[in-house]
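All chains, full assembly: derive it from the sequences and hints.
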Amino acid sequence: MLFHRFPVEHLMDLLAVIYRYHKRNFNKDIPYFSTLSSILILLIINGGSVLALLDKKHTISFGESASKLTEYIIGLICLIPAILILAILFPPSKIKKRESELSEKEYKVGKYIFWGIYLLSIVVFIAVIK
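So that you can map any letter, position 52 of the sequence shown is 52 in this note's numbering, and since no number is skipped, the others follow by simple counting.
Because the hints were derived from the structure by calculation, they are not lab data. Accuracy of the hints is not assured; some may be wrong.
[Stated by the list, open to error] In the DSSO-like style, the derived pairs of lysine-lysine whose C-alpha atoms are separated by at most 27 Å in a straight line are:
(1) K108 to K28
(2) K130 to K23
(3) K96 to K108
(4) K23 to K108
Rendered as structure tokens:
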């Protein structure tokens, strides 16, 4: 059953739900990469909220002379190891295996839970940065 396992398994259940969502919708050709990207975006939003709460918005400084373009390029380069770490922690075979075990009811419940977490994260992020 969905989300009735050890806490470590919850993320795998959520990844399986997101994988099936991407497999059925817009990103049919790249569901695994889309799944990892969705989780990474969620982690970035929540990490930004934590940094804003701790008043550490400028934790990573590139100096006074760094342009915005330089900061964005460095940020994009930092995403590559993050995607690789997620790919190592959650290989496609494990996600596909768990996705094949999901019932349609579990998928629907998991999809609503994921979108609820996503919306809540965005609302908290917006509230914190104001």
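Consistency of the hints with the structure:
1. K108 to K28: 18 Å, holds
2. K130 to K23: 36 Å, violated
3. K96 to K108: Roughly 17 Å between the alpha carbons, so the hint for K96 and K108 holds.
4. K23 to K108: 14 Å, holds
Hint check: a violation occurs at hint 2 only; the rest are consistent with the structure.
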